[in-house]
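Student: Chain A is fixed; fit chain B onto it per the hints.
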Amino acid sequence: MLILMAIAAGVLFAAGIFMILRRSMVKVLVGILLLGYAANLLLFNAAPLMRGAPPLIDPVMGIPAEYADPVPQALILTAIVISFGVTAFAVVLIRRVYAVTGTGDLDNMHCTDIPCESEEILSDLEDEII
Amino acid sequence: MIIYPILIPLIFAIITVFFWENQRVKRALSIISTGLLMIVNINIFFVVYREGIQVVQVGDWPAPFGISLVVDLFSAIMLLTTSIVAFLLAIYSFSGIDLARRKYGYFPLFQFLLMGVNGSLCTGDLFNLYVWFEVMLMSSFVLIALGGERTQIEGAVKYVILNLLASTLFLSAIGLTYNLAGTLNMADLALRLQAVQTSGQVTVIAVLFLVAFGIKSAIFPLFFWLPASYHTPPVTITALFSALLTKVGMYSLIRFFTLLFPFESEYTHTIILISAGFTMLTGVLGAASQTDIRRLLSFHIISQIGYIFMGLGLFTEYAVAASIYFLVHIILAKTALFLSAGMVESIQGSFDLKKLGGLYKNRVGLSMLFLLPALSVAGLPPFSGFFAKLGLIIAGLESKQYFIIGLALVVSLMTLFSMTKVWNEAYWKPPKDPQYADQQKPVSVWRWVPSITIVVFSLLLGLLANPIFEVCQLAAAQLMDPTQYISAVLGLVR
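Same order as they appear, the protein sequences are chains A and B. When the letters of the first sequence are read in order and numbered with the working numbering, they come out as residues 1 to 130. When the letters of the second sequence are read in order and numbered with the working numbering, they come out as residues 1 to 494.
So here's chain A without its partners, still in its complex pose (with noise of 0.2 Å):
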């Protein structure tokens, strides 16, 4: 099972991986997204997997010989939600740079680079909610 899960997450970083590497934003996104599921399936395996065993500890018998660690589903669940609002504020962020650009391509974004005509859109924001 162990090694299952290896080979998942190995995968899911890969393909995070490959995607992050294009030039789309979309497909961009979609590598973080999947670099995140990786990483939360790393903290999963990160106690010893166990089936039916208590996560609590009864206070009269002392430590069982077998005890689930249910610390990493603690953590992940944290991770998703951190993850799930980064997610919105990119998505929102990806739909804002495609309004503002007319482009989706990473390449095509060298204004932070070579200055390009500043172009004020403040007063969009004004009708806009953020």
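Mixed in with the good hints there might be a few duds.
[As the list claims (entries may be wrong)] Restraint ranges, calculated between C-beta atoms of paired labels, are given here:
| # | chain 1 | residue 1 | chain 2 | residue 2 | range |
| --- | --- | --- | --- | --- | --- |
| 1 | B | N466 | A | D58 | 46 to 54 Å |
| 2 | A | A53 | B | N466 | 56 to 64 Å |
| 3 | A | A53 | B | F65 | 15 to 23 Å |
| 4 | A | I3 | B | F46 | 52 to 60 Å |
| 5 | B | V196 | A | D58 | 28 to 36 Å |
| 6 | A | A53 | B | V47 | 41 to 49 Å |
| 7 | A | T103 | B | Y267 | 39 to 47 Å |
| 8 | A | I17 | B | G66 | 48 to 56 Å |
| 9 | A | D58 | B | Q23 | 54 to 62 Å |
| 10 | B | G182 | A | I17 | 38 to 46 Å |
| 11 | A | V26 | B | Y267 | 46 to 54 Å |
| 12 | A | M50 | B | A195 | 17 to 25 Å |
[Stated by the list, open to error] Which bits of chain B does chain A cover? Going by a derived footprint, with three or more residues having C-beta under 8 Å, they are:
| # | segment |
| --- | --- |
| 13 | 175-189 |
| 14 | 228-236 |
| 15 | 444-454 |
[Stated by the list, open to error] Anything over 12 Å on all C-beta distances counts as not near chain B; from chain A, calculated:
| # | residue |
| --- | --- |
| 16 | I3 |
| 17 | L29 |
| 18 | R51 |
| 19 | A53 |
| 20 | D58 |
| 21 | V81 |
| 22 | I94 |
No wet-lab data here; the hints were simulated from the structure. Only a predicted model underlies this, so the values are computations on that prediction, with no experimental measurement involved. Heads up, the beta-carbon is just placed ideally off N, CA and C, and yes, glycines get one too.
Tutor: Below, chain B without anything else, positioned relative to chain A:
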């Protein structure tokens, strides 16, 4: 007590949101919050200085199980410096941030950013550090994109994608660490990692952390997002980022490689030294080719990060002390430079060296606000940069790393060259456009006060170099001897 640096920005951020429309209240709240933060952090600094490492177990869960907040002298120094800079930047932003940005949530984001920074500086738990980093990053994502100009949005894309990648690597490294040691408390981890026999795995994790924090603190060869994004937002936000974000990455690197991975030093610290050398060199070479002040200063951030990194790479107590002193020096001096660049822009309406000129003739005081920190960054005595570099070079001589010393000196000279270029172009040469020649446009008092104050702080850091460096040495002694940290957190009897 050490929970206040996190609580104050949080509470004030929430209150500020309720006054979304009222600009005056928002201003007042941001001054009160950062001022309060500064007072609390001065207090924390003195308590830590006198009584040693302060620990709070959140929710009263005992140490390895709950989340610990730990402030040792290094954290306290960083907290103090960042809160001073935050206070001054809060004042500067009254004039340095335009109304549209202020309307759309600049002030609450500023507070959330501070909360993230303070959280990262205080926490003693690996996963909690990740969470604080995300708090910090999320606010910085919005701040960098706020305003929505084309260059800004494009810069934001690069910044967001690379930082998300870094966070993923950080999370993976945390997973592997938990797998190896079964704990996330940094003090407990330091003990367990010493006991782990399979040192190869520890090295892999160490390098993974190095890459994750390396992206965030912009070291060679991972810095390419910084010059592509830092110059795009208004100069106040750039100053904020340069003072807080990359430096927190650096703080984490120093913390991790002194507390968690002090052994295996031959392997990782060689990588660190090589990378530090390249960071210094590429940063300053990049700066030499720029004609936009903001871009030039952004490249200097990278170059200076290299120096701090060099101190970590040398890995002696003296070198780490010099690194800490350098961190404080560069936070103050760099912020001063960005603020003076902002003032130049407010007078002549441009950051482009080709268009600027003639400032020294009309504006001596304003020119001094650039010249003094610039000489300090270049490392001339009696400014703080000189003592910071002197410390690093003495440490280098002691560990016989002559190559990196030579490189540091050459880079220092090139920094001076690059600063001279700005001075010649923006302040000395007659302006190209004669309409600027006798311009007497007043600069807002909200810009003068923080700029002058931060230059004074920067000068004081140089003039009081000896006592301050002694404090840095104490902090370094705490870092290099992790048993103090470990016993303070876990409550062990030594």
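Student: Hints first: check each against the structure and report whether it holds.
Tutor: Now the hints, each set against the structure:
1. B:N466 x A:D58: 46 to 54 Å: For B:N466 and A:D58 the Cβ distance comes to about 60 Å; the hint is violated.
2. A:A53 x B:N466: 56 to 64 Å: 60 Å, holds
3. A:A53 x B:F65: 15 to 23 Å: Once the Cβ atoms are compared, 19 Å apart, the range 15 to 23 Å for B:F65 and A:A53 holds.
4. A:I3 x B:F46: 52 to 60 Å: 55 Å, holds
5. B:V196 x A:D58: 28 to 36 Å: Given about 30 Å between the Cβ atoms, the range holds.
6. A:A53 x B:V47: 41 to 49 Å: Roughly 45 Å apart at Cβ, these two residues keep to the hinted range, so it holds.
7. A:T103 x B:Y267: 39 to 47 Å: Given about 44 Å between the Cβ atoms, the range holds.
8. A:I17 x B:G66: 48 to 56 Å: The hint (48 to 56 Å, Cβ to Cβ) is violated, given that A:I17 and B:G66 are roughly 36 Å apart.
9. A:D58 x B:Q23: 54 to 62 Å: 59 Å, holds
10. B:G182 x A:I17: 38 to 46 Å: Check failed, 29 Å falls outside 38 to 46 Å.
11. A:V26 x B:Y267: 46 to 54 Å: 40 Å, violated
12. A:M50 x B:A195: 17 to 25 Å: 24 Å, holds
13. 175-189: holds (count 6)
14. 228-236: holds (count 4)
15. 444-454: violated (count 0)
16. I3: 15 Å, holds
17. L29: The claim breaks: A:L29 does not keep its Cβ more than 12 Å from every Cβ of chain B (closest is about 8 Å).
18. R51: The claim stands: A:R51 keeps its Cβ more than 12 Å from every Cβ of chain B (closest is about 19 Å).
19. A53: 16 Å, holds
20. D58: 17 Å, holds
21. V81: Violated, since 10 Å does not exceed 12 Å.
22. I94: 8 Å, violated
Checked against the numbered hints above, the structure violates hints 1, 8, 10, 11, 15, 17, 21, 22; every other hint is satisfied.
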